[in-house]
Amino acid sequence: MSNIYIQEPPTSGKVLLKTSVGDIDIELWSKESPLACRNFVQLCLEGYYDGTIFHRLVKGFIVQGGDPNGDGTGGESVYGHPFKDEFHSRLRYVRRGLVGMANSGKNDNASQFFFTLGATPELQNQNTLFGKVAGDTIYNMLKLEEGEVYENERPNFTHRIIRTEVLNNPFDDIVPRQVKGSSKEQEEGGSKKRKKEKGVKNFGLLSFGDEAEEEEQKATVYVQKNVSGRGKSSHDVLDDPQLSKQTSIQPERDEKRRRDSSSSDEKSPRSPKPEASSVREKLKRKPADERKEEQVPVIPSESDSDSDYGLGSERKKAKQEQAEKIRQEISKLKRDYHSDKRSKDKDKEIEQKKEIKKASRKDVMQEVLRVQEEYSQKTKQLPKKGSSRENFTMELLNKFKTKLHSAYERDPASGSGVTEADEETDIQGDNWLAHRLEFEKKDPILAKDAATKDDDWYDVYDPRNPLNKRKRGEKIDRTQKPKK
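Residue numbers (this note's numbering): 1 to 484.
Warning: the hint list may mix true and false statements.
What the hints assert, rightly or not - Restraint ranges, calculated between C-beta atoms of paired labels, are given here: (1) Pro10 with Ser331: 36 to 44 angstroms; (2) Asn69 with Val94: 29 to 37 angstroms; (3) Lys358 with Val58: 38 to 46 angstroms; (4) Tyr337 with Asp108: 40 to 48 angstroms; (5) Phe392 with Val371: 51 to 59 angstroms; (6) Asp108 with Lys341: 16 to 24 angstroms; (7) Asp50 with Lys325: 52 to 60 angstroms; (8) Ile326 with Ile174: 38 to 46 angstroms; (9) Arg327 with Lys358: 23 to 31 angstroms; (10) Lys354 with Val58: 38 to 46 angstroms; (11) Lys358 with Glu146: 39 to 47 angstroms; (12) Pro121 with Arg361: 45 to 53 angstroms; (13) Lys358 with Ser104: 55 to 63 angstroms.
Treat the hints as calculated values from the structure; they're not laboratory data. From the three backbone atoms N, C-alpha and C, an ideal C-beta is built for every residue, glycine too.
With the hints as extra help, turn the sequences into a complete structure.
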């Protein structure tokens with residue numbers, strides 16, 4: 001594994017993904033894949049990946065995300081169009097924890113990316129490799145592989161990216177785009193309306209300020225008493241007994257009543273009433289204020305918004321914890337179910353093996369049982385212990401002796417020895433009774449006499465020997481001293 005890290009070039013740039021399975025640190029190869037790294041960093045700065053899910057999972061291969069639509073059909077790059085692939089000779093898909101760009105063809109990279117869950121050499125020179133998962137956060141990334149997968153490679157429980165942070169930006173010239181509705185301030189600014197501060201009259205600046213202040217107070221008191229948020233007529237202002245302050249006819253209500261009466265007249269016959277009684281009833285009714293008071297939007301203070309945000313985050317955390325507990329319970333139940341299923345399958349396999357062994361042993365067991373039955377029949381015929389049992393044994397021994405003598409009489413030449421032909425042929429029937437076991441004789445060999453001539457005699461002739469010289473008739477010089 002160390003040779004792989006030696007071959008890979010150094011990284012420059014780091015991004016942190018806050019996901020539902022924990023933090024995932026991604027180190028970028030911004031020099032080897034500048035287009036892909038710039039696109040990824042800028043999308044993280046803009047919060048493009050916040051709330052997106054990992055919509056595709058192929059166990060032992062990849063886990064894919066980065067699509068705002070959540071189905072693998074969406075995504076866009078910061079360049080406004082798909083950018084081209086980038087390959088490097090020192091960047092290879094040889095292990096897990098690598099980050100690459102997902103595409104649907106050549107030079108068709110946008111925002112979707114994937115993590116490798118193992119060695120994927122088939123992606124080499126097909127998908128841009130621009131980063132790797134750093135440190136112990138790779139174990140959080142491997143949690144994305146857990147769970148069941150549907151037929152269309154979509155996980156049963158999708159994990160999501162909560163938010164992203166750029167810890168080390170290798171591109172200082174990146175300026176995040178202003179996306180409509182992306183910032184919370186713009187969303188809150190559109191819904192809130194701030195009240196205009198009312199002007200305050202400073203009567204201290206006037207020479208007749210005291211008199212003006214008194215008149216202002218009287219006017220405000222009069223308005224509070226007499227004016228109740230609506231216009232006044234002569235009926236309200238003048239104290240004339242002939243002028244009634246109550247309205248005799250209310251136009252809107254009269255129109256509704258006319259409509260109701262017209263509809264009722266069509267259904268039922270008319271019931272005439274005197275006009276005076278209807279006017280009296282109308283005069284007795286108290287007039288209602290038809291004008292609706294203008295609803296002034298209440299602008300919550302900053303402390304209220306902060307507390308609401310805190311409550312919302314706490315609720316969100318509680319929901320996430322509850323969802324996590326439910327996921328853990330579901331995964332635990334699945335593990336228990338799979339373990340029970342495996343144990344049952346193992347038991348079935350063991351039972352099947354036992355049945356196969358029983359079936360294979362049936363033939364052998366039948367033969368054994370047959371032999372046992374024959375033996376038991378023979379043992380039943382034997383007499384019990386005592387004098388009868390001894391006599392029976394002696395009879396058997398005498399029969400065996402007579403059988404041996406008869407074999408020797410039939411083959412008297414068997415005692416002469418065993419030939420090689422006899423050894424090669426198998427003994428059949430009772431011929432083995434006439435066979436004799438003889439071993440090779442290995443008697444000690446006595447010392448040979450050198451004077452005796454036999455096959456091992458060798459003639460040794462030395463022409464310088466005096467005996468040989470005498471035989472040849474040569475004279476021997478006795479004065480000559482032998483050489484030392």
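* **Hint check for Ile174 and Ile326 - Cβ pair distance inside 38 to 46 angstroms** => Given about 40 angstroms between the Cβ atoms, the range holds.
* Asked: If you check the beta carbons of Asp108 and Lys341, does the distance land in 16 to 24 angstroms?
  -> violated, 43 angstroms
* So the hint says 51 to 59 angstroms: do the beta-carbon atoms of Phe392 and Val371 match that? -> Given about 22 angstroms between the Cβ atoms, the range is violated.
* Asked: If you check the beta carbons of Pro10 and Ser331, does the distance land in 36 to 44 angstroms?
  -> holds, 38 angstroms
* Satisfaction of the hinted span 38 to 46 angstroms by the C-beta atoms belonging to Lys354 and Val58 -> Given about 40 angstroms between the Cβ atoms, the range holds.
* Outcome for the supplied range 38 to 46 angstroms, where the beta carbon pair is Lys358 and Val58 -> Holds, at about 44 angstroms.
* Could you see if the CB distance from Lys358 to Glu146 stays within 39 to 47 angstroms? => Holds, at about 42 angstroms.
* Kindly confirm whether 23 to 31 angstroms is satisfied by the beta carbon distance between Arg327 and Lys358. => violated, 46 angstroms
* Check the following: the C-beta atoms of Asp50 and Lys325 are separated by a distance inside 52 to 60 angstroms. => Violated - the Cβ-Cβ distance for Asp50 and Lys325, about 24 angstroms, lies outside 52 to 60 angstroms.
* **Distance restraint evaluation - Pro121, Arg361, Cβ atoms, bounds 45 to 53 angstroms** => Check passed, 50 angstroms falls within 45 to 53 angstroms.
* To do: Using the Cβ atoms, figure out if Lys358 sits within 55 to 63 angstroms of Ser104.
  => Because 58 angstroms falls inside the window, the suggested range holds.
* How does the Cβ-Cβ distance of Tyr337 and Asp108 compare with 40 to 48 angstroms: does it lie in that range? -> holds, 42 angstroms
Of the hints listed earlier, those the structure fails to meet are numbers 5, 6, 7 and 9, in rising order.
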